[in-house]
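Peer 1: Protein chains in written order, with my numbering: chain A, 33 to 642; chain B, 18 to 338; chain C, 73 to 373.
Keep in mind that the hints were calculated from the coordinates and are not lab data. Given the structure is predicted, the values throughout are model-derived calculations rather than measurements. Watch out, some of these pointers could steer you wrong.
From the structure, some residues in chain A lie toward chain C, with a derived Cβ separation under 7 Å [what the hints assert, rightly or not]:
#: 1; residue: GLN310
#: 2; residue: GLU362
#: 3; residue: ASP381
#: 4; residue: ASN382
#: 5; residue: TYR385
#: 6; residue: THR433
#: 7; residue: GLN437
#: 8; residue: ALA499
#: 9; residue: SER500
#: 10; residue: GLU503
#: 11; residue: ALA504
#: 12; residue: SER522
Using 27 Å as the maximum straight-line C-alpha spacing, the simulated BS3-like pairs for lysine-lysine come out as follows [to be verified]:
#: 13; chain 1: C; residue 1: LYS227; chain 2: A; residue 2: LYS531
#: 14; chain 1: A; residue 1: LYS517; chain 2: C; residue 2: LYS134
#: 15; chain 1: A; residue 1: LYS473; chain 2: A; residue 2: LYS419
#: 16; chain 1: A; residue 1: LYS477; chain 2: C; residue 2: LYS257
From the three backbone atoms N, C-alpha and C, an ideal C-beta is built for every residue, glycine too.
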Amino acid sequence: MVDKEQELNELWQAAQHGTLSRRELIRRGLALGLGIPTIGYLLAACGGGSSSPTTALTEASTAGTSATAGTAASAATPGSGGSASASPSAVASAAAGSSTGSLSFDTATTGGGGGQANTALAGYCYAQTGGSMFEVRRCVDSRLFAWKPDLSDYIPELAEKWDIDQDKMTITFHLHQNAKWHDGKPVTSDDVLYTMNMLANPALGSRYAQAFTNVKGYSDVKDGGATTISGITAPDANTVVIQLEKLDAALLVQIPDMDILPKHVMGSTAPAQVCQSQFWIDDSQRIGAGPYKWSQRVDDQRIELEAFSDYFLGAPKIAKVNLLLFSSYETSLAAFAQQSNYASPLTVDNLDYAKGLDFGEVSTQSSGVLILEVNTYSKVEPLLGDKRVRQAISYAIDRKTIAEQLYKNVSAVPTYWTTPWLDWTKSPDLETYDYDVDKAKSLMKDAGWSSDHEFTMWYYYTDQVTASVVEAIAQYLSAIGIKAKPRLDSGGAMAASEKDGSWDFVYGAWGLQPALNMSQAWNCDTTLKYCNSDFENTMAQARATLDQTKQHDLLKQAIKILNDDLPSIWLFNRQNIVVANKKLDTAGHQAWATGSLMYHNYIEQWTAKS
Amino acid sequence: MSRELIRRAAQMIPILFGISIVVFTLVQLSPGDAVDAMIPPDAVGVTPAMRQQLRHQLGLDKPAPIRYLYWLKDAVQGNFGYSIGTRQPITTIIGQRAPATLLLVGFALVISIILGIAIGVLSAVKQYSWLDYLVTLFSFSWLSIPSFFLGLFAIYIFAVKLNWFPAFGISSSGETGSAVIWDRLHHLILPGMTLGLELTAALTRYVRSGLLEVLSSDYLRTARAKGLREWSVITRHGLRNALIPAITVIALRIPVLFSGAVVVETVFQWPGLGLLTLTAANQRDYPLIMALALMLTAIVVVSNFLADVAYMIVDPRIRYG
Amino acid sequence: METVVNKRIERSLQREERVSKRAGFWQRYIRHRLALAGLAFFVVMGLAAALAPMILPYSPDKMQLTDTGLRPSLRHPLGTDKLGRDELTRLLYGGRVSITVGLMAVVMSTTIGTLLGTISGFEGGWIDVILMRVTDVFLSFPILLLVIVLMTILKPSATNVIVVIGIFTWTGTARIVRGQVLSVKNEQFVDAAIAAGARTHRIIIRHILPNVIAPIVVVSTLGVASAMLTEASLSFLGLGIQPPTASWGNMLTAAQQIQVLAQQPWVWLGPGGAITLTVLSINFMGDGLRDALDPRHDMGN
């Protein structure tokens with residue numbers, strides 16, 4: 033044993049200093065009985081430095097033996113990790129099969145922070161398989177493709193590539209040959225069909241059902257006549273073809289949200305029972321096709337994940353990931369200060385404290401817009417349905433001062449249109465509603481406002497800054513004659529008021545997402561009950577074309593409609609602030625974009641020093 | 018004694034039953050239900066119809082009395098059902114969070130008994146000294162400081178300024194072996210002392226007055242005159258008399274410790290039953306709220322009973338009364 | 073030999089008595105002083121809170137976004153909050169809310185308790201038994217849990233806090249009143265009065281209530297302190313008085329953030345100190361009252 037170790041060491045030294053040729057290394061390695069992944073590791077170390085040779089090698093050899101031979105993911109090709117191209121079949125991470133170390137970070141770092149994630153499975157069937165917690169979905173689950181964090185492109189996951197034939201109106205997905213579930217079974221087109229049919233089934237009541245509106249055969253499923261969509265077919269185990277009746281860009285932008293579920297585990301569950309299934313909470317049943325396997329949930333403290341070495345995009349470099357659950361921003365930050373938590377969400381209030389920690393790196397990125405929603409169909413005050421009143425409100429709020437004084441221009445900056453994270457949506461003919469109390473007052477006068485009623489302004493973010501912002505907004509509104517009392521939502525009291533239409537104002541957010549999703553938020557069926565046929569038609573046209581330029585133009589038109597009509601009043605471009613430990617290396621990829629956007633964060637390539 | 022026990026136990030049942038109905042009714046009366054609390058408010062594209070469907074899937078659209086009866090049927094068999102929010106069995110959830118609170122309350126109890134008796138005795142023995150006045154003043158103060166302010170102040174002085182103790186949480190992860198015990202203790206001291214200080218103050222006053230009563234009584238004067246040593250006089254006779262009100266106070270204050278734990282757990286972010294209660298109430302998770310209510314009621318009733326028992330034991334005059 | 077021992081015993085006993093008498097006097101004097109000090113503080117605080125609008129130029133609610141988060145200075149002795157409002161002003165206005173809630177809650181619980189105690193004691197019989205059972209049950213309630221659940225149901229507001237505290241704290245008063253009623257009821261003059269045809273409520277008012285007032289006053293005073301602490305805890309947890317209305321309890325919620333706690337102590341030391349000192353002064357007053365109205369009851373001697 034000692035001899036073997038010594039030989040290993042020598043081999044390692046040789047590899048590091050490049051004193052042996054590759055052929056020699058391979059020969060010697062095989063003679064020593066090293067597995068292919070280990071040899072790959074050796075080759076990768078050629079000329080490169082690494083900290084602990086023996087341990088790395090021992091771990092590599094043990095991991096190597098557990099990896100099944102011949103999988104492309106552990107091919108002995110040196111080089112960097114997976115690329116963002118549409119056909120990453122040749123990818124092999126250099127440290128294939130040599131997952132080491134562990135990483136712990138706050139699950140709520142990318143959003144839903146400060147206590148909202150403290151019940152481990154809050155909303156696990158959120159609107160029917162929005163699944164449990166965004167970070168869990170990113171690590172454990174996989175989908176056909178995910179977003180790039182800046183929404184500029186897609187990153188392939190289960191689908192290596194896909195072709196869109198505009199004449200035949202088909203989308204063909206070519207699945208990865210080597211994708212496997214965590215229990216070893218292969219991911220096939222059966223699973224994709226199963227997932228899509230389940231999501232479309234009205235018995236489940238999923239918000240993704242409408243994505244299939246223009247797929248052939250969906251209307252039968254919607255009526256209950258069929259349980260499978262005839263237009264989605266699987267010519268072979270690795271191909272899925274979707275036949276459309278009309279071109280539909282909205283289907284594509286919702287694919288990233290559709291985590292593919294295992295048919296062999298869930299297939300026998302009736303759609304109506306899916307949210308009750310033990311699959312979501314039983315440690316032994318929760319499987320996915322993502323880079324990390326669900327190991328166990330420890331109390332309300334953390335969810336432990338293990339690297340899935342057969343991950344089709346390359347075995348993860350970090351062996352163990354702990355998704356930590358904290359009940360508040362404070363405890364998360366305290367743990368970060370002790371370096372037991374490698375990433376923590378921040379608010380403006382604890383920004384200075386975090387900046388003082390020299391091992392941490394603070395970053396911000398857009399996480400959506402903060403908006404004031406108005407009940408346009410209010411029975412108490414029908415004038416809220418008058419667009420002039422809403423425009424007055426928009427003019428009456430001094431966004432700039434609030435952003436400066438309360439958000440310190442860090443966690444939010446002023447905005448007046450729906451998608452400030454997408455530069456192409458900006459346009460000079462959008463009204464900026466700069467602070468103008470006189471104009472606001474005259475608009476109110478034109479509309480004939482005379483109400484003395486005390487309106488309720490709901491808000492649901494529990495942080496102190498939001499409480500102050502809402503108070504400030506209420507005071508701005510009182511200056512133009514609208515009496516509003518802020519009220520923090522608790523236990524669905526707000527939802528109850530939305531049910532019977534008795535709500536007045538809600539200060540909330542619209543998360544970062546593609547512009548095509550605007551029709552999901554502003555339509556006639558949701559609580560907002562925004563019924564504007566111009567807007568709907570423009571959005572329908574935008575949805576029906578895959579031509580980027582044409583689509584963008586139509587979307588800009590739709591934004592102009594919203595900007596003028598103001599069903600919601602856009603206030604700030606919210607920024608997610610994160611502090612991450614410098615010892616966490618995310619291999620050059622953006623790691624902390626906002627939670628609700630299903631982007632690929634390349635966690636399989638991250639490394640973390642302890 | 019055992020007849021009394023049985024009588025008390027029998028009394029507990031209608032109380033528990035009544036509490037379960039009261040709590041259930043209260044939660045049903047609240048606006049919003051578990052489904053409303055479950056779905057994030059900024060969820061896009063979730064229509065009221067979808068919410069209703071989820072309600073139906075989770076069985077929440079059945080009429081209230083039916084749901085209560087289902088709950089009751091399970092509860093008497095010891096099955097308290099599943100939490101609506103996390104779908105975990107409630108007995109598991111409570112089992113996971115209870116140790117933290119028990120640790121906190123236990124520590125507070127032990128500390129306050131030790132400190133209360135020690136300071137009370139000292140204060141009584143050195144009556145009228147400056148120590149005595151100081152103690153009297155302080156015990157008043159501890160009863161006046163709101164526990165959350167005390168906690169915040171303790172964090173400010175001992176954690177932030179002096180850095181002697183950690184500010185939040187129950188443990189620093191990554192500890193192994195025997196270091197875990199020290200780490201736990203380290204985290205326990207500030208919240209434990211905060212919770213226990215009020216009881217310490219109360220105990221001090223009762224022990225002191227009980228002891229003084231005896232110290233100046235004829236019985237002790239005679240004993241002292243007989244030449245018995247002062248110390249044995251104090252311990253054997255004085256303390257015994259002082260313990261009567263002390264033990265009663267301790268037993269009666271145990272439920273107060275559990276309520277106080279809610280605030281202390283919030284300030285120190287201690288993951289125990291207190292925080293769980295707040296979360297459960299906020300999420301309208303009625304099976305969980307009811308289980309917690311029943312547990313707390315049981316604790317209160319048992320504590321009252323223990324107080325009576327202790328009283329009977331310590332004071333022989335009562336036993337035959 | 074015996075005489076020597078006796079003499080020694082006698083001398084030590086005499087010394088003890090002198091010390092005891094002197095000390096007893098001192099004890100009472102100090103307690104008396106403390107009670108007076110408490111009264112003085114409470115009056116000052118109460119007046120300051122009541123007269124706040126006349127003393128201070130700032131508004132507690134109106135924001136001033138140019139002056140957010142200022143440190144204490146001459147213009148703002150306790151600095152400003154996030155919305156630029158003067159903290160000292162908010163402290164005094166918060167005092168109004170907290171003290172009012174405390175007083176009103178006690179008024180409510182005293183009323184309920186006196187009523188139920190009187191009925192129970194006077195009527196006796198099965199009414200008494202039922203009411204005593206009810207009192208027992210109330211004592212068995214996990215009060216805080218019910219309060220939390222109640223406050224999440226009801227819209228959080230000052231009125232609801234008063235009602236909730238009042239509902240759960242009447243048992244002490246009821247017991248005392250009942251006890252007094254029972255002891256007085258059996259006095260002969262009451263029988264005589266009944267025989268003379270006096271009406272029930274006149275008997276109650278003229279004979280029973282005067283005896284009851286003393287202990288009720290003591291209990292109520294201490295009850296105000298306790299009610300104020302409960303309101304502060306509820307507001308701190310977010311279940312009581314909601315912002316933007318200031319109350320001493322909810323002004324302390326800000327301190328839950330480590331940055332405020334560590335670097336802006338003036339934000340929370342003010343309201344915390346105010347609650348503590350006010351409750352302390354009320355406790356001293358109550359203790360003093362107890363001494364004055366019932367000299368037999370003596371905790372320290």
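Peer 1: The structure should be examined with respect to each hint, and the outcome stated for every one.
Peer 2: Going through the hints against the structure:
A least Cβ separation of about 30 Å between GLN310/A and chain C goes past the 7 Å threshold, and the interface hint is therefore violated. The interface hint given for GLU362/A is met, as the beta carbon of that residue sits about 5 Å from the closest beta carbon of chain C, less than 7 Å. Satisfaction of the interface hint for ASP381/A is found here, the shortest Cβ-Cβ separation to chain C being roughly 5 Å, below the 7 Å cut-off. At about 5 Å, the closest approach between the beta carbon of ASN382/A and any beta carbon in chain C falls short of 7 Å, and the interface hint on this residue holds.
The beta carbon of TYR385/A comes within 5 Å of a beta carbon in chain C, closer than 7 Å, and the hint placing it at the interface holds. Nearest Cβ of chain C to the Cβ of THR433/A: about 5 Å, under the 7 Å cut. The hint holds. Hint status for GLN437/A relative to chain C: holds, with the closest Cβ pair at about 5 Å, below 7 Å. A distance limit of 7 Å between C-beta atoms decides the matter here; for ALA499/A the minimum to chain C is near 6 Å, and the interface restraint holds.
Taken as an interface hint, SER500/A checks out: its beta carbon lies about 4 Å from the nearest beta carbon of chain C, inside 7 Å. A hinted interface residue such as GLU503/A counts as satisfied when its beta carbon comes closer than 7 Å to some beta carbon of chain C; here the least separation is about 5 Å, so the hint holds. Satisfaction of the interface hint for ALA504/A is found here, the shortest Cβ-Cβ separation to chain C being roughly 6 Å, below the 7 Å cut-off. Look at SER522/A: its Cβ gets to within about 6 Å of chain C, closer than 7 Å, so that hint holds up.
For the proposed pair LYS227/C and LYS531/A, the alpha carbon gap of about 17 Å is at most 27 Å, so the pair holds. For the proposed pair LYS517/A and LYS134/C, the alpha carbon gap of about 13 Å is at most 27 Å, so the pair holds. Taking the CA atoms of LYS473/A and LYS419/A, the gap is about 14 Å. The hint holds against a cut of 27 Å. Simply put, LYS477/A and LYS257/C have alpha-carbon atoms about 71 Å apart, too far for the 27 Å limit, and the pair is violated.
Comparing the model with each numbered hint stated earlier shows that hints 1 and 16 do not hold.
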